[in-house]
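Participant: Sequence:
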Amino acid sequence: MYEKPYSKILVRQAGKGRLFQLVSNFGTLPLLHLRGSRAEMANQYGHLAGDKILTSAARAIGIVSAGLPSTDLATCILDSAWRMLCPHTPERYLEEIEAIVEGARSAHIAITAQDLERLLAVANLDLYKREERLNEFVDAEILQALAGFRPMSCTMFAVWGNRTVDGKLYALRNLDWISQVGFHEDRQITLYEPDNAPAYVAIGYGGIIGALAGMNEEGITLSEVGAFSVSEELDGTPWTLMARQVLEDSRSLDDAVGIINNTRHTIGYNYLVAHGDPRHFGTEAFAPRAAAFETNYDCCELFYDDDPKERAARWVSPSGEELKYGLPLKEAVFRADTAFGEKTRALQAADNGPGEPANDGDPRKGSSYVSCHVPMHDMIKAYETGSEYVFPIRDTKVIEAGSPRKIGPDEALNIAATVAHNTEKLHLNDWNVMSVVYGATDLDFWVAYESRDEQGNWKNAPDSGYWKLNLRELLNDGLKQG
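Adding 82 to a residue's 1-based position in the sequence shown gives its number in the working numbering.
Certain hints may be false.
Here are the computed lysine-lysine pairs in the BS3-like style, where the Cα-Cα straight-line distance is at most 25 angstroms [what the hints assert, rightly or not]: (1) LYS463 - LYS406; (2) LYS488 - LYS550; (3) LYS463 - LYS412; (4) LYS412 - LYS391; (5) LYS463 - LYS479; (6) LYS488 - LYS86; (7) LYS391 - LYS479; (8) LYS479 - LYS541; (9) LYS86 - LYS541; (10) LYS488 - LYS541; (11) LYS86 - LYS550; (12) LYS412 - LYS425; (13) LYS463 - LYS447; (14) LYS391 - LYS406; (15) LYS391 - LYS425; (16) LYS406 - LYS425; (17) LYS425 - LYS447; (18) LYS488 - LYS412; (19) LYS488 - LYS447; (20) LYS425 - LYS463; (21) LYS550 - LYS447.
Hints in this document: simulated from the structure, not taken from any laboratory.
Turn these sequences into a full structure, and let the hints guide you.
Facilitator: Next comes the structure, spelled out in structure tokens:
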């Protein structure tokens, strides 16, 4: 299911920054290691990964332009979206974009700031009813532009304490998104080692300078799920840059919570931040924790483990039937698309949310609630009780009956692979393209990307195999160079 890379090959160097290829039986995985000031690291990024920026930007435009008469319409959409996001983008990232462009030019790679801006905009284009909303920021003739553009539909959890081996924290970030378009060729791990700030790893794709997933050396992790809402606007902070802020500026869960609480949010997203507390492991002060957020343009609701707000979540049918649908657990936090906050759920369109007039609000009719949220709960409980668990979507036994057991890496990876979109979504080109499991107390992480073999056969990320990496080892060059 997973293996460590057995060597890394230096590809090229720029100042203190280096680009490596990690090598395992799964193939190669680029590792971009940046060191120094913010400006220096940005310059290194452009010099070492400028070619990936060009490739990823072209792929993004290709995805958005599918079904359009020209790519010019796609770039118009992305540029218009960026104009709304830009005023709420922290200055540090605007300066970083310019420094990346300068670094690429030093390597004779002709990228522009627009290439990076368009990649940031793509991740924030999961607008609900986008084909109707586009007239707010583009011309009328391109209202159908993104009708086929699929939202990020993902899953995430964190477990710790009495549920896990030695009380350590494990967390998940599954990215279920547009698949089989070649983004796996641009996969990249970016390791930031800034002066006078925590080092961190951003997991995603070359050219996407925000963090789709990541962990810092204080054991802070971030995960995200797209969740359509009727309260969505683009005049806010790009979520992938908010994720970077969390990784750069957080030394505790409270720090991360404060950053998300104070962000100007845009569209329907759920987030999960966790703290593995590596500094205090083995002492009485050890206190790993996690929190979930449900957000849209108007809401930002916060939940901790066994949260009474989640326990109170209910749906009332037209006939007066009351369904309590929250499934909170102690020492566990988990989310798919479904919201449990009263305000957020009222505005939600995802998962049969009542914000859409055509929906009745019954969460049991929500795809991610049935196929992801409830299974995560049931698998966590099955490990606690020693029960057998059969995943209903594929009618597959994924946990054997036996004694109760603690969740460690193998169990966390099993949950991740089970709830990841798989072959049942293959015909929709919508399945798990990236899966990350964090062992945040030990600063371990396991990462998998979708793959395609020489015969043209595709596998989703978990079935492609996980790379096991450790943040400390990467920082200390602990992996043998080959």
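Participant: Take the hints in turn and mark each one as holding or not.
Facilitator: How the hints compare with the structure:
no.: 1; hint: LYS463 - LYS406; verdict: holds (18 angstroms)
no.: 2; hint: LYS488 - LYS550; verdict: holds (20 angstroms)
no.: 3; hint: LYS463 - LYS412; verdict: holds (11 angstroms)
no.: 4; hint: LYS412 - LYS391; verdict: holds (14 angstroms)
no.: 5; hint: LYS463 - LYS479; verdict: holds (15 angstroms)
no.: 6; hint: LYS488 - LYS86; verdict: holds (23 angstroms)
no.: 7; hint: LYS391 - LYS479; verdict: violated (32 angstroms)
no.: 8; hint: LYS479 - LYS541; verdict: holds (20 angstroms)
no.: 9; hint: LYS86 - LYS541; verdict: holds (20 angstroms)
no.: 10; hint: LYS488 - LYS541; verdict: violated (29 angstroms)
no.: 11; hint: LYS86 - LYS550; verdict: holds (5 angstroms)
no.: 12; hint: LYS412 - LYS425; verdict: holds (23 angstroms)
no.: 13; hint: LYS463 - LYS447; verdict: holds (23 angstroms)
no.: 14; hint: LYS391 - LYS406; verdict: holds (11 angstroms)
no.: 15; hint: LYS391 - LYS425; verdict: holds (11 angstroms)
no.: 16; hint: LYS406 - LYS425; verdict: holds (16 angstroms)
no.: 17; hint: LYS425 - LYS447; verdict: holds (20 angstroms)
no.: 18; hint: LYS488 - LYS412; verdict: holds (14 angstroms)
no.: 19; hint: LYS488 - LYS447; verdict: violated (32 angstroms)
no.: 20; hint: LYS425 - LYS463; verdict: violated (28 angstroms)
no.: 21; hint: LYS550 - LYS447; verdict: violated (36 angstroms)
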